[in-house]
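J.: One letter stands for each residue in the lines below.
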Amino acid sequence: MSTTIGLYRPGTSLLHRAPAGAKLLLLLVAGAGSVLLDTPLQTAVALVVVLLGYAVARIPVSVLLSSIRPLLWVLVPLGVFQTIVVGWERASVITGVILALVLVANLVTLTTMTTALIDVVVRVCGPLRRVGVDPERIGLLLNLAIRAVPLMAELAAQITEAQQARGQRVSVRAIAVPFVVGALRRADELGEALAARGFDD
Amino acid sequence: MLIEFTGVSHVYPGSPRAVVQELDLTLTESRIGVIGANGSGKSTFARMLNGLIVPSSGTVSVNGLDTARKGREVRRQVGFCFTDPDSQIVMPTVAEDVAFGLRRRGLSKPEIAAKVATTLAAHGLEGYGEHPAHLLSAGQKQMLALSSILVTDPAILVMDEPTTLLDLRNTRRVVAAIESMHQHVILVTHHLDLLADFDRVLVFDESRLVFDGLPEKAVEHYLGLME
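Here the protein sequences come in this chain order: A and B. The letter at position 162 of the first sequence is residue 162 when you use the working numbering, and the numbering goes up by one with no holes. The letter at position 47 of the second sequence is residue 248 when you use the working numbering, and the numbering goes up by one with no holes.
What the hints contain is simulated information worked out from the structure, not anything from laboratory work. Don't take every hint at face value.
[As the list claims (entries may be wrong)] Across the chosen pairs, the derived CB separations fall in these ranges:
hint, chain 1, residue 1, chain 2, residue 2, range
1, A, P10, B, R409, 48 to 54 angstroms
2, A, A148, B, D354, 24 to 30 angstroms
3, A, V181, B, E428, 31 to 37 angstroms
4, A, Q168, B, G425, 39 to 45 angstroms
5, B, P311, A, L144, 23 to 29 angstroms
6, A, R69, B, E312, 39 to 45 angstroms
7, A, L142, B, P217, 39 to 45 angstroms
8, A, V74, B, A322, 43 to 49 angstroms
9, A, G126, B, D400, 45 to 51 angstroms
[Claimed, not checked] If the Cβ cut is set under 7 angstroms, some of the chain B residues that face chain A in the computed set are:
hint, residue
10, L253
11, S288
12, Q289
13, P293
14, G302
15, E331
[As the list claims (entries may be wrong)] Partial list, derived from the structure: chain A residues whose beta carbon lies under 8 angstroms from chain B:
hint, residue
16, M113
17, L144
18, I146
19, R147
20, E192
21, R197
22, G198
We treat Cβ as the ideally placed atom computed from N, Cα and C, and that holds for glycine.
The whole structure should be built from the sequences, with the hints applied where relevant.
T.: This is the structure in structure tokens:
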């Protein structure tokens, strides 16, 4: 099954070829710089710049829309609430900045292989070796978290399907138990597989 | 290859009975099959071969290395392929997963990329390098799992029911891959026809090795047990 998480999409664009470290740095700068956005016009310009990034990376509009869709559950209520409390101008800045930041982060993961991102994290965490922390382990942890997303989505879909096949209505409580059991079983299996592949220390 | 089981028994913590009992065995052949009913102890036996499970009593040694004391060195020599490939794919894309096992081997990036490309091409995954691993078909996932093990070039490959979740076409792909390997292979399976050309087949029943011999006789013995 497919998930909407922003995982790498192969490509040869300028953004695909840019070093992962530079892209992460840019993401950091964008995050810090976003506090300077103060007017709807500035926010709109930032959004246009982000969308230009998608165009440069040749990311299909359908992928862009699938990235935005889950955000609407947060942005729409937030926008309405902010409009009532502080007015439409401030509301558009707040929701626009959140949208732009999420889309930038998504663009980084869409154009960067996970291994490259992990390599950066491992390099950045290198000095932590002095205090007994293994940077490779941090990288592996991040990687497994990313890998777990489609696995857990698949598990949830299987459980829901099995319940429907038995004529049951979808119930959160009835999903929770097999989901937790299934997730723990998967974690055990993954641990065993990691040990089998030499990552057992 | 020389694998030796000496007085091996294993009891899982909290379990009242042993899953493998009093096993003395020497394995040297190139193709070894393992069959038996569910719960007969064959998967535990398989996991003892690369130290994933250390026996409660007795010793298992692989080419002279005790799996209890030299587990990591043993696992460098013994690759393990699980039934469900989703359990062993740890990276988001195909090439990244194959490269994962090479991360700690002191190879340069171009060397890793070359090994990955060769391995993917050898197992029908050419052109899939940047494909999300979780979107592959079941058969492709199992070939990816196999590629990810073989890229490290282990001397021995243990496979625990690798065709159980596959259709006939993909089962044949896995079988063809096994036939072309230079590695020693120990295959745990319920697909008895896969073992016809094997050198030796072990039959497990109720935690004990009950037959050890040529495929035809072993399958006959196993079918007799099931009546």
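J.: It remains to establish, for every hint, whether it holds in the given structure.
T.: Hint check results:
1. P10/A to R409/B: 48 to 54 angstroms: Hint holds: Cβ distance 51 angstroms, inside 48 to 54 angstroms.
2. A148/A to D354/B: 24 to 30 angstroms: At 29 angstroms between Cβs, range holds.
3. V181/A to E428/B: 31 to 37 angstroms: This hint holds: roughly 35 angstroms between Cβ atoms.
4. Q168/A to G425/B: 39 to 45 angstroms: holds, 43 angstroms
5. P311/B to L144/A: 23 to 29 angstroms: holds, 26 angstroms
6. R69/A to E312/B: 39 to 45 angstroms: Since the Cβ atoms of R69/A and E312/B sit about 42 angstroms apart, the hinted range of 39 to 45 angstroms holds.
7. L142/A to P217/B: 39 to 45 angstroms: Given about 41 angstroms between the Cβ atoms, the range holds.
8. V74/A to A322/B: 43 to 49 angstroms: holds, 45 angstroms
9. G126/A to D400/B: 45 to 51 angstroms: For G126/A and D400/B the Cβ distance comes to about 49 angstroms; the hint holds.
10. L253: holds, 6 angstroms
11. S288: holds, 4 angstroms
12. Q289: Holds, because the Cβ-Cβ distance from Q289/B to chain A comes to roughly 4 angstroms (cut-off 7 angstroms).
13. P293: holds, 5 angstroms
14. G302: holds, 5 angstroms
15. E331: Because about 4 angstroms separates E331/B from the closest Cβ in chain A, which is inside the 7 angstroms limit, the hint holds.
16. M113: Cβ of M113/A sits 6 angstroms from chain B, so the hint holds.
17. L144: Holds - the Cβ of L144/A comes within 8 angstroms of chain B, reaching about 7 angstroms at its closest.
18. I146: With Cβ-Cβ at 6 angstroms, under 8 angstroms, it holds.
19. R147: holds, 6 angstroms
20. E192: Where the cut-off is 8 angstroms and the nearest Cβ of chain B is about 6 angstroms from E192/A, the hint holds.
21. R197: holds, 5 angstroms
22. G198: It holds, given that the least Cβ distance between G198/A and chain B is near 6 angstroms, below 8 angstroms.
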